[in-house]
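Residue numbers (the numbering used here), protein chains in the order written: chain A, 6 to 404; chain B, 11 to 271.
Hint data in this document are derived by calculation from the structure and do not stem from the laboratory. Think of the CB as a built atom: it goes at the ideal place given N, C-alpha and C, for glycine as much as any other residue. Don't take every hint at face value.
To be verified - Simulated coverage check for chain A against chain B, where a stretch passes if three residues somewhere in it have a Cβ under 8 Å from a Cβ of chain B:
hint : region
1    : 167 to 179
2    : 218 to 227
3    : 363 to 377
4    : 380 to 390
What the hints assert, rightly or not - Lysine-lysine pairs mimicking DSS-like chemistry, simulated, CA-CA at most 27 Å apart:
hint : chain 1 : residue 1 : chain 2 : residue 2
5    : A       : K260      : B       : K12
6    : B       : K77       : B       : K116
7    : A       : K340      : B       : K263
8    : A       : K399      : B       : K263
9    : B       : K263      : A       : K368
10   : B       : K263      : A       : K376
11   : B       : K61       : A       : K340
12   : B       : K77       : A       : K36
13   : A       : K162      : A       : K256
14   : B       : K27       : A       : K376
15   : B       : K117      : A       : K9
16   : A       : K340      : A       : K376
17   : B       : K204      : B       : K77
18   : B       : K61       : A       : K265
19   : A       : K75       : A       : K124
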Amino acid sequence: MAVKVRTNQCVGCSQCVTTCPFGAINMQDDKAYITETCTSCGACVEACPIGAIVREVEEKVVKMDKNDYKGVWVFVEQMDGQIRNVVHELLGEGRKLADAMGQELAGVMIGDKVEHMAKDVFSSGADKVYLIEGPEYKDYSTDGYTGALTDLIHTYKPSVILMGATNNGRDLGPRVACRVGTGLTADCTDLGIDDQTGLVAWTRPAFGGNIMATILCPDHRPQMGTVRPKVFKRPEQEFSRTGEIVRVTGKVNGKDIRTKLIDIIRVCTTSCNLEESEIIVSGGRGMCKPENFVLIEELANVLGGVVGASRAAVDAGWKPHMHQVGQTGKTVGPKIYFACGISGAIQHVAGMSSSDIVVAINKDADAPIFKVADYGIVGDVMEVLPVLIDEFKKNKQSC
Amino acid sequence: MKIVVCIKQVPDTTEVKIDPVTNTLIRQGVPSIVNPFDKNAVEAALQLKEKYDGKVTVISMGPPQAKEALKECLAMGADEAILISDRAFGGSDTLATSYTLASAIKKMGRVDLIICGKQAIDGDTAQVGPEIAEHLDVGQVTCISKIDIDGSIVRVEREHEEGYEIIETQLPLVITVLKSMNEPRYPTVKGTMKANRKEIPVWTANDMDVDPEQLGLKGSPTQVRRIFTPKQRVQGLIIQADTAREAAAVLVKTLSEAKIV
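Isolated chain A, as found in the complex:
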């Protein structure tokens, strides 16, 4: 599909120019002109008051028989045989998609001696597990895992693949999508089935969270997407559920893996796993100096939570990047998020807006963070935080 201006009809009102989210339209000789930055999103088609902009359907030469591709797959990301939480969230969501499509849900497990994970995968909703095991898959490697997953895709032809938008998921997803020649929608925050086409409708934030885009992958299979952790709720596990394990021999040769993992340095095992935390206390520029982060740490401690930071605080060197919440940092979705001395730029909000409850403390009553906060205190963090710590301590003792 391409968007075209019927130049003879264009009256030069330039409404499309202001509507275009990508700035892809300009005026040339008083007529709208669509430049190559156009993504064919169609926003201008609706905006044009005289219908001078149209979508043109282009005939695509499609080589694949889409009907051969069936089922929803979830990539079961693991580390040392431990399944990442996001996998369960994806299984819950994948179950809904599979049911809506009347097809089965499968988990793809790649690793070394990881068969024991199957029980967990079934209990979260999978009907089937594809299992590739071997010492060459013990640790994640781009080459090893891409080879294993693409082999499975070519043999078993899934219609949909979901992966966590984790560091490994974002490394593996594009490599696999490119090798099989299909589309991948990154960092989705919502999934559904498109009414008109029956395709998976992948919704994701763009422009630093300023707009949302719903993406389809009409003519290529599998339809692939990565999904941010903590966007979907983890399903209730039913441990009585069982399923079929399909054991597949991996074809990857150890010497074809071009990267070698020498060491894993765990800077923090839980203290900076913000993605999977229930309580996060974050500090921003309003903390004024690095020493003041002690208060953030103390509050996090009292509540049993972890420490986050805004980009301003990370850029100032007060906290390492691993604690950064926001568009260029981590996306989090805790039960409760404390934003202390954080103004609430859209990039920060994009990383924490799926939190259940947001508490904001800022001395500027007009700070945008209050627009997204469930509870707000207008005041100096340096005064409020010590009291808050005291009160929570008292509250804890009385429970």
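Once you've looked at the hints, dock chain B against the given chain A.
What follows is chain B alone, placed relative to chain A:
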């Protein structure tokens, strides 16, 4: 060592605002900048060049005005810049973009290292780097904060959720870099003057060995169905109190009564 850095000109998304009446993006006055992560990529390339000698080429796929972004990279110290621009590339998703960039890199002959920013701040997909690696059939390491090259061995630090991985690999290689990799230098006056004198060649589809079916909209498996503005969170309660102590006490009481903590 021959290094290619892939950059993108992006609208400064921190400056983008939503029109509260029409609910659309206000783009007027939003500056176009070099994607911030790509500046770290350019800096990484320049540091490697200083250490191991070589040549740094910066490329970008985009409209003619993306030359401005390339000029900025030349001013930082890159040796040459090439703009990949053609109407035929319009509507490219990440697969078509990476195919086009990889085709341009193939035209350059032997390239040792390709550096991309971790992601672009307008699309945030983080896909083009790995997909370039796949098109070129070379290894990749994403999200790196450190690189050392010792003879034929490349040692990098890759960030993951709980810490870092130390990975050894070899050239040719594609890496994507994080902000923590380095502090991008500012262009010097001399560098800017030199950059202004440099010619930035433009490569079109005809200049590269490409399959037209894999370009632009035709070569893009994904389609944008709909664009909309996100639901705003509803503003909650601002706790009114005379002192910080009172406000904090009310907050703790409210949260514990609601069984939130």
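Results for each hint:
1. Beta-carbon proximity to chain B at under 8 Å applies to 7 residues in the region 167 to 179 of chain A; the threshold of 3 is reached and the given coverage holds.
2. With a threshold of 8 Å between beta carbons, the proposed coverage of the region 218 to 227 of chain A by chain B holds, since 8 of its residues qualify and at least three are required.
3. Against chain B, the region 363 to 377 of chain A contributes 6 residues with a C-beta closer than 8 Å to a partner C-beta. That satisfies the three-residue criterion, and the hint holds.
4. Interface restraint, the region 380 to 390 of chain A with chain B: holds (8 residues with C-beta to C-beta distance below 8 Å; minimum three).
5. The straight-line distance between the Cα atoms of K260(A) and K12(B) is roughly 26 Å, inside the 27 Å bound, and the hint therefore holds.
6. Between K77(B) and K116(B) the alpha-carbon distance is near 21 Å, which keeps this suggested pair within the 27 Å criterion.
7. Of the pairs offered as hints, the one joining K340(A) and K263(B) holds, with about 17 Å between alpha carbons and a cut-off of 27 Å not exceeded.
8. Of the pairs offered as hints, the one joining K399(A) and K263(B) holds, with about 11 Å between alpha carbons and a cut-off of 27 Å not exceeded.
9. Pair hint K263(B) plus K368(A) holds up; C-alpha atoms about 21 Å apart against a cutoff of 27 Å.
10. Of the pairs offered as hints, the one joining K263(B) and K376(A) holds, with about 22 Å between alpha carbons and a cut-off of 27 Å not exceeded.
11. Between the alpha carbons of K61(B) and K340(A) the distance comes to roughly 48 Å, so the proposed pair goes past 27 Å and is violated.
12. Taken as a hint, the K77(B) and K36(A) pair is honoured in the structure, with Cα atoms around 25 Å apart against an allowance of 27 Å.
13. Taking the CA atoms of K162(A) and K256(A), the gap is near 17 Å; set against the 27 Å cutoff, the hint holds.
14. The straight-line distance between the Cα atoms of K27(B) and K376(A) is roughly 15 Å, inside the 27 Å bound, and the hint therefore holds.
15. For the proposed pair K117(B) and K9(A), the alpha carbon gap of about 32 Å is over 27 Å, so the pair is violated.
16. A hinted pair counts as satisfied when its Cα atoms are at most 27 Å apart, and K340(A) with K376(A) qualifies at roughly 18 Å.
17. Of the supplied pair hints, the one linking K204(B) and K77(B) holds, its CA atoms being roughly 15 Å apart against a limit of 27 Å.
18. Under the criterion of a C-alpha separation no larger than 27 Å, the hint pairing K61(B) with K265(A) is consistent with the structure, at around 24 Å.
19. A threshold of 27 Å between alpha carbons decides the hint, and for K75(A) with K124(A) the separation of about 23 Å falls inside it, so the pair holds.
Comparing the model with each numbered hint stated earlier shows that hints 11 and 15 do not hold.
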